[in-house]
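Participant: Make a model of the complete structure from these sequences and hints.
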Amino acid sequence: MILLIFIFVLCVFLGFELIAKVPSQLHTPLMSGSNAISGITIVGALIAAGTEGGTVGVTLGVLAVIFATINVVGGYLVTDRMLAMFKTRKPARKQ
Amino acid sequence: MTLLIEWSYIVAAVLFILGLKLLGKQATARHGNLLSAVGMLIAIVGTLLVRGLHYQWIMLGLVIGSVIGAVAAQRVKMTAMPEMVALFNGAGGLASLLVGWVEYHNHRTPDLSAAIPIYLAVLIGGVTLTGSVIAYAKLAEKVQSRPVLFSFQRAVNLGLVLLVLLAGVIFCERPASSYPLFLVIVALSFVLGVLGVIPIGGADMPVVIALLNSYSGLAAAAAGFIIQNTVLIVAGCLVGASGVILTQIMCKAMNRSIFNVLFAGFGSTTAASGEAVTGEAKAIAAESAYYVLEAATQVVFVPGYGMAVAQAQHVLRELADLLEENGAEVRYAIHPVAGRMPGHMNVLLAEADVPYEQLVEMDAINPAMPTMDVAIVVGANDVVNPAAREVPASPIYGMPIINVDQARTVFVLKRSMASGFAGIENPLFFKPNTRMLFGDAKTSLQALVSEFKSG
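From first to last, the protein sequence lines are chains W and X.
Its first residue numbered 1, the first sequence is counted upward by one per residue in this note's numbering.
Its first residue numbered 1, the second sequence is counted upward by one per residue in this note's numbering.
A few of these clues could be false.
Unchecked claim - Calculated pairs, BS3-like style, for lysine-lysine (alpha carbon to alpha carbon, straight line, at most 30 Å):
id: 1; chain 1: X; residue 1: Lys142; chain 2: W; residue 2: Lys21
id: 2; chain 1: X; residue 1: Lys252; chain 2: X; residue 2: Lys142
id: 3; chain 1: X; residue 1: Lys252; chain 2: X; residue 2: Lys453
id: 4; chain 1: W; residue 1: Lys21; chain 2: X; residue 2: Lys282
id: 5; chain 1: X; residue 1: Lys77; chain 2: X; residue 2: Lys142
id: 6; chain 1: X; residue 1: Lys77; chain 2: X; residue 2: Lys21
id: 7; chain 1: X; residue 1: Lys252; chain 2: X; residue 2: Lys25
id: 8; chain 1: X; residue 1: Lys282; chain 2: X; residue 2: Lys142
id: 9; chain 1: X; residue 1: Lys77; chain 2: X; residue 2: Lys252
id: 10; chain 1: X; residue 1: Lys21; chain 2: X; residue 2: Lys282
id: 11; chain 1: X; residue 1: Lys77; chain 2: W; residue 2: Lys21
id: 12; chain 1: X; residue 1: Lys21; chain 2: W; residue 2: Lys21
Please keep in mind that the hints were generated in silico from the structure rather than gathered at the bench.
Facilitator: Set out below in structure tokens:
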């Protein structure tokens with residue numbers, strides 16, 4: 001347990017270092033991209049849904065998988081959709 | 001096999017870190033998101049290798065969740081992105097809550113080191129869920145976006161927080177026999193999320209969304225402590241930290257503390273904005289505005305939430321193209337809290353194919369503002385309100401703003417003279433160099449476009 005707390009603390013600092021200098025243009029993709037990462041709870045959900053635990057346990061587990069998957073799949077796709085639009089290019093002049 | 005699973009988690013954690021790093025730079029952002037998605041896939045596949053899992057239920061959940069997530073992500077309009085992000089966020093929080101619930105349901109006698117993370121995952125996950133749903137409802141205008149206040153609100157909220165802490169202490173002391181109390185904690189977390197977000201006004205949503213994002217990460221990290229899984233802790237913690245940083249940036253951009261945003265019910269009171277603004281706002285017709293624009297060589301657009309509401313980003317770019325053809329240099333000045341989520345305006349302008357290079361941050365445009373021939377305010381209000389500089393009694397005094405009033409001419413595209421969020425009067429409208437172009441932002445811009453085409 002103490003080792004896990006140790007990892008947690010280190011990751012707080014790592015996270016601050018990683019994100020601190022992101023330009024404001026990328027705030028939305030950063031937010032929705034990191035939001036997708038928070039769907040990592042799907043790992044816990046998969047174990048919960050796959051473990052023998054009676055009707056209630058399995059139902060809750062399947063619901064956990066559904067919502068975590070929505071978070072993961074939706075989060076990554078929507079971030080990709082946004083980033084696909086963020087292209088660097090010459091001003092598209094008409095005529 | 002166990003070793004393989006452990007390694008898959010290590011690889012996933014590395015990919016998340018690299019992905020986030022790349023996500024922070026324009027050129028590599030898309031690549032970074034892909035890396036992080038691959039990391040997620042590896043973690044999922046690795047988990048499926050865990051011995052003794054029953055796959056039929058897992059697959060059912062994965063398929064349903066994937067379909068809902070993919071359809072929602074494809075269908076959502078760019079203008080509705082803040083709502084969508086809020087909903088995804090809520091889904092993540094709910095998943096973490098459920099993971100905690102299942103763990104408690106299946107192993108009714110956890111010790112203290114298991115009970116604490118279960119309590120935290122349920123509490124934070126529940127708050128994230130209902131808080132996000134309320135944020136969604138406010139953003140989608142399903143409920144009024146103004147702060148909802150009632151008497152003794154702070155006392156009620158404080159009492160609720162104390163109650164949920166007390167329940168937590170009792171629960172963690174003897175988790176085995178506390179199932180009813182556990183359910184009470186679930187319910188309390190839901191109520192807490194609702195009551196926490198309803199007093200916060202629509203314009204403060206960038207802060208709320210960033211903060212809820214942080215919560216969803218922390219809930220995942222708590223779930224990681226429950227199942228003693230490092231990848232959950234690493235990933236959840238990274239998200240938690242990124243959410244905190246975004247929250248800080250948003251608060252700084254409004255010159256307010258996080259406590260002020262969360263608890264002040266900002267904008268609910270009729271703000272005593274010092275002396276009433278005197279003078280008359282001068283309206284201008286599209287035709288006259290055209291003549292000014294036609295002669296301009298430096299034009300800056302300042303978009304705000306009104307642009308999103310009117311879906312005016314495409315016609316805005318059309319006008320910008322015409323101005324460029326006419327020889328003007330066009331820029332877009334983006335205030336950090338314009339819109340309803342961090343970076344909202346950038347997404348909309350990117351959707352309209354506005355080149356990234358033309359987007360300028362507040363600190364970069366302000367020194368150049370006196371050289372601007374025309375500043376066009378499209379649906380922004382508080383972020384260009386000079387009262388933030390000039391009126392010490394104003395509720396937004398001290399907030400950094402885009403100084404459009406220093407441009408030679410300011411056009412304000414606005415529906416009516418009604419004051420914006422918070423009922424704060426905007427002296428900008430009465431400045432001698434300001435002209436009001438009344439009407440829906442999209443219609444007004446279209447009128448300017450057709451003036452250019454015929455002129």
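Participant: Against each hint, give a clear statement of whether it holds in the structure.
Facilitator: Status of the hints after comparison with the structure:
no.	hint	verdict
1	Lys142/X / Lys21/W	violated, 35 Å
2	Lys252/X / Lys142/X	holds, 29 Å
3	Lys252/X / Lys453/X	violated, 42 Å
4	Lys21/W / Lys282/X	violated, 42 Å
5	Lys77/X / Lys142/X	holds, 17 Å
6	Lys77/X / Lys21/X	holds, 27 Å
7	Lys252/X / Lys25/X	holds, 22 Å
8	Lys282/X / Lys142/X	violated, 35 Å
9	Lys77/X / Lys252/X	holds, 29 Å
10	Lys21/X / Lys282/X	violated, 49 Å
11	Lys77/X / Lys21/W	holds, 28 Å
12	Lys21/X / Lys21/W	holds, 10 Å
Checked against the numbered hints above, the structure violates hints 1, 3, 4, 8 and 10; every other hint is satisfied.
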